[in-house]
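Model the full structure from these sequences, guided by the hints.
Now for the letters of each chain:
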Amino acid sequence: MNLTQEKISGFNVLFVKDGRIDAHNSADLKDYILRMIEQGEINIIVQLEQVRFIDSSGLGALLSGFKHAEAKSGKLSLSNVQKQVLSMFELTRLNRVFEIYTDLNDVFESNN
Amino acid sequence: MNLTQEKISGFNVLFVKDGRIDAHNSADLKDYILRMIEQGEINIIVQLEQVRFIDSSGLGALLSGFKHAEAKSGKLSLSNVQKQVLSMFELTRLNRVFEIYTDLNDVFESNN
Amino acid sequence: MSSTANFQVDVIIPTQTKYLDLIGSIGEHIGKDLENFSGDRDALAYHLNLVLTEATTNAIKHSNADNPKDTVRISIDIQEQELIIKVYDHGQGFDLETVPKPDFDHPKEGGMGLFFIRTLMDSVTYKKLDDGNILEIRKALT
Amino acid sequence: MSSTANFQVDVIIPTQTKYLDLIGSIGEHIGKDLENFSGDRDALAYHLNLVLTEATTNAIKHSNADNPKDTVRISIDIQEQELIIKVYDHGQGFDLETVPKPDFDHPKEGGMGLFFIRTLMDSVTYKKLDDGNILEIRKALT
Ligand SMILES: Nc1ncnc2c1ncn2[C@@H]1O[C@H](COP(=O)(O)OP(=O)(O)O)[C@@H](O)[C@H]1O
Ligand SMILES: Nc1ncnc2c1ncn2[C@@H]1O[C@H](COP(=O)(O)OP(=O)(O)O)[C@@H](O)[C@H]1O
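Chains as they are written, first to last, in my numbering: chain A, 1 to 112; chain B, 1001 to 1112; chain C, 2001 to 2142; chain D, 3001 to 3142.
The reader is advised that the hints may include incorrect statements.
Unchecked claim - Quick list of in silico lysine to any residue cross-link-like pairs, SDA-like style, CA-CA up to 25 Å:
1) B/Lys1007 to B/Ser1087
2) B/Lys1067 to D/Pro3100
3) C/Lys2139 to A/Gln84
4) B/Lys1017 to C/Ile2012
If you're looking for bench data, these hints aren't it; they were derived computationally from the structure.
If you want it as structure tokens, here you go:
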């Protein structure tokens, strides 16, 4: 899976560069996030601008990251969630679990 | 077909906004170019940055435009041709017919 | 697709998840091409992509582990008023009726696939065949 | 695709050009998934997209104009060493051997489709069947 990580204004931002998250690559995403958390990077923003499609295993990978971050008193949030992808979070009520920001500016402004 | 037209530094630039040109939409492209030429816009740059795929009917539409522009002492050239698309022009030797510019800057610099 | 148009796809894939993208994207294209569908075609395209992806993932995951050459077959049939998806696996099967709805107050990592299929489509059945099982999904196109 | 993997698609479409995108993109995905192919996989993906598009366009263009419900069938079969594409039309047919190569010194708008198919693939045949015709295209995957 095509992932890039950047530290921006104190946040660990994970950019997902693939257009599609499904059972073929969601384990990569999950493992990557868990390694970040193990290394102490417990406040994570997953930037989903490129992602046009997510399936149940992709939602599961993000939820796994959320729970592990929370267990260490951190937080995993999302930004730039595309319309159809967002509707998957709504259908599963996961929009009540994750904080979902419009974009990275929105993250920084909301956390000042 | 998703086309936009702009006059830039005296050139009539036609932006093809679809990722694919095939027998389903190439007649639209051909007709649009012929109408431009009829209206006296005989120096045309077709900007192909968004185009990831072109078939023989798409090449034919561009060739038709080239011939009609030439008949009126004008010229139809191309810019921003993606790698695989370019290889179709090479295979049919149409790269010897069209002037192919890297990008619009290249057009303006070469014509000064 | 005009109302009289007839469209069918039949795909046989090895039990590897790299084919999910291909299967899903066939669904996506079909959704976008259904010009007579009166609802939101972008949403339908996503839903067909998702439902095909989830059903194929399950068929791959629960395929016959003893046969390295095992395959999954997916067929999609567009009729005038209805869309029918069939996914065939050669695994041990399961009882669809006993699969619970996810508990949204205590979200878990798994168990959302069949929920999506049930929620986004009109009917789902799972039956034993002679040499495997078939998941059949239907959706009215009106 | 591992060398033992078996992959097959069979699609039946109405004779409408809006389906070209779907057919082409199946070819594109297959090309990208052919992990054992030693050549340029991006080029192969484009070539399969193109060859399927050109062959399907011809089958649609020369279909049975008297039958508004006429269909075109496309099948793709990936075997260990070879890829086989079959496109079935119900038109009047033609003689493939008499179609000339394009004259590159005097480029014309048409006549490049079969040139692409012949140049990019290993073999092409066109034969009469009982109820139509079949264009068969083969390419070695080594
Ligand atoms: N084709 C299948 N063969 C066997 N069991 C299946 C199949 N599809 C689904 N199941 C069963 O149904 C359960 C729920 O499936 P699903 O909702 O897709 O979620 P998940 O796969 O994440 O568990 C699976 O855990 C599995 O036990
Ligand atoms: N399926 C077909 N049925 C009948 N004629 C065909 C078929 N495919 C190709 N042809 C003939 O072969 C010619 C060359 O085809 P092609 O190289 O694809 O170029 P074009 O379609 O642009 O003419 C066509 O003009 C047509 O006469």
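Here is what the structure says about each hint:
| no. | hint | in the structure |
| --- | --- | --- |
| 1 | B/Lys1007 to B/Ser1087 | violated (28 Å) |
| 2 | B/Lys1067 to D/Pro3100 | holds (22 Å) |
| 3 | C/Lys2139 to A/Gln84 | holds (19 Å) |
| 4 | B/Lys1017 to C/Ile2012 | violated (34 Å) |
Consistency with the previously given hints fails for numbers 1 and 4, ordered from lowest to highest.
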